[in-house]
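Asker: Chains as they are written, first to last, in the numbering used here: chain A, 1 to 258; chain B, 1 to 258.
Treat the hints with care, as some may be off.
To give a feel for the contact side, a few chain A residues facing chain B, derived at Cβ under 10 Å [as the list claims (entries may be wrong)]:
(1) Leu57
(2) Ala149
(3) Gly150
(4) Pro164
(5) Ala165
(6) Val168
(7) Val172
(8) Arg173
(9) Tyr178
(10) Pro258
Don't read these hints as lab results, they were simulated from the structure. Treat the numbers as computed from the prediction; the structure is a model and nothing was measured. C-beta atoms are modelled at their ideal positions from N, C-alpha and C, and glycine is treated no differently.
Number of protein chains: 2
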Amino acid sequence: MERLTPSAERARFRAGLITPTSGLAPGFAQANLLALPQEDAFDFLLFAQRNPKPCPLLGVLEAGEVSSPLLAGGDIRTDIPSYRLFRDGELVDEAPVATDWWREDLVAFLIGCSFTFEGALQDNGIRIAHIDQGRNVPMYRTNVDTVPAGRFSGPLVVSMRPIPARQVADAVRITSRYPAVHGAPVHIGDPAALGITDLSRPDYGDAVDFMDDDVPVFWACGVTPQAVVAASRPSLAISHSPGHMLITDARDLTYQVP
Amino acid sequence: MERLTPSAERARFRAGLITPTSGLAPGFAQANLLALPQEDAFDFLLFAQRNPKPCPLLGVLEAGEVSSPLLAGGDIRTDIPSYRLFRDGELVDEAPVATDWWREDLVAFLIGCSFTFEGALQDNGIRIAHIDQGRNVPMYRTNVDTVPAGRFSGPLVVSMRPIPARQVADAVRITSRYPAVHGAPVHIGDPAALGITDLSRPDYGDAVDFMDDDVPVFWACGVTPQAVVAASRPSLAISHSPGHMLITDARDLTYQVP
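Chain A with its partners taken away, still in its complex shape (with noise of 0.2 Å):
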């Protein structure tokens, strides 16, 4: 596959191309937007503090700023593939430029993507079961809360890997040093203990096949933030759609420690 700089990436988009951004610019952290109105950003930036496996806060956009270092040069308008409009907690729109819902009071999180710890799992051996399948990976509403902020509450959302009984101590380890990125998990083993009745229905994302040693493995999902859009009903949130995220300039290694 041709790799494409971050900032080429972004151009395409920019220029009307739709596509999930899995595998796009390898080795650059991808990110999730939810952008909502100056009114509710102490209150979300508070929630992001208060859960920072859910919501890890890579960048914010303050009301005004359309760019940031993590996009230099670009315009967080339109430089992601596609976007969610939402109002009082409903989705209602979806296109591929957020220009004419976006608001001069709008302030903008960039919310850390489980990609970037996916490329060291595979690169310590590590296989992912969604990636190998070509699915997208599934995720589920649990029934563990997120620690409230001012207006914001909501279920945790997970992402599900299910990985050999002899790798789930190195997946352990190896996201563990990701603690910007989700980290390591929230929950190993018994989806009941998660209310996750059946595996096979994910609630968002596709569901993926197991092997006979795997042991499902569950983290902590950006993805929550939307879940909690939905729970809280701000007058307005715009988000990316799932699977297409904002191809930051941060390389992963950025997000490591050891």
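Dock chain B against chain A, hints included.
Answerer: Coordinates of chain B only, in the frame set by chain A:
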């Protein structure tokens, strides 16, 4: 030394004891305090997000809150040994209780403290000069700017520990495992590159003696917010007095990543 629980230590301070907290309640995280009016809270929360090495947030008490799970059953206005009051960036008072200064609209930020990783360094056989020499850690204002956010900007303040050359790599490895409490060093060696002209004249704390093979190692410091308050001049700010920290109920090991 008698070992009290964090809540027992806080009760002594609430009853009027004024003492530096270094070495008290070993194994439990201590925290810097900065309380600001709600109108400045978003800007400072964003400042902390952008400057996680000097300002790693362990918790935030929203306006009207005076306790939190970090100080269960406690009161942030009384449970620190000594407080400082700043008006328009100027230090105007110091007292063992902040209740008379407190306002309903204050938001209290609890910021991680390097005492947490000092314990880990000592456990790994690395001696801490300022502890061995019975002094406060030396701290220096640098010529490195923090990343501004809203009304807040100012210089990075660093703490310095002389580390034997053969142990510098270990000190990096060990402190890197604590990204929530300043993490890895920001600079190793040559003080001049940070704009520090004389290690024997720190801007805060005490100078320490070097052994022959010691290298100066610099970590981002939780006193940075006080330098930022001086530079940014919010109308009101309340902090702890340097060295007189909040002793929290959170275990140091909570903040360790592999």
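Asker: None of the hints should be skipped; say for each whether it holds.
Answerer: Here is how each hint holds up against the structure:
1. For Leu57 (chain A), the interface hint holds, since its Cβ comes within 10 Å of a Cβ in chain B; the closest pair sits about 5 Å apart.
2. Hint status for Ala149 (chain A) relative to chain B: holds, with the closest Cβ pair at about 8 Å, below 10 Å.
3. Of the supplied interface hints, the one on Gly150 (chain A) holds, with its beta-carbon coming within about 7 Å of a beta-carbon of chain B, less than 10 Å.
4. Annotation: Pro164 (chain A) was flagged as interfacial toward chain B, and the flag is violated, the nearest CB pair being 20 Å apart, outside 10 Å.
5. Annotation: Ala165 (chain A) was flagged as interfacial toward chain B, and the flag is violated, the nearest CB pair being 19 Å apart, outside 10 Å.
6. At about 14 Å, the closest approach between the beta carbon of Val168 (chain A) and any beta carbon in chain B exceeds 10 Å, and the interface hint on this residue is violated.
7. A cut of 10 Å between beta carbons decides the hint on Val172 (chain A): the least distance to chain B is about 8 Å, and the hint holds.
8. Hint on Arg173 (chain A) holds. Least Cβ distance to chain B is approximately 5 Å, under the 10 Å limit.
9. Evaluation of the Tyr178 (chain A) hint against chain B yields a held restraint, the C-beta minimum of about 9 Å falling below 10 Å.
10. Given the 10 Å rule on beta carbons, the hint for Pro258 (chain A) holds: about 4 Å separates it from the nearest Cβ of chain B.
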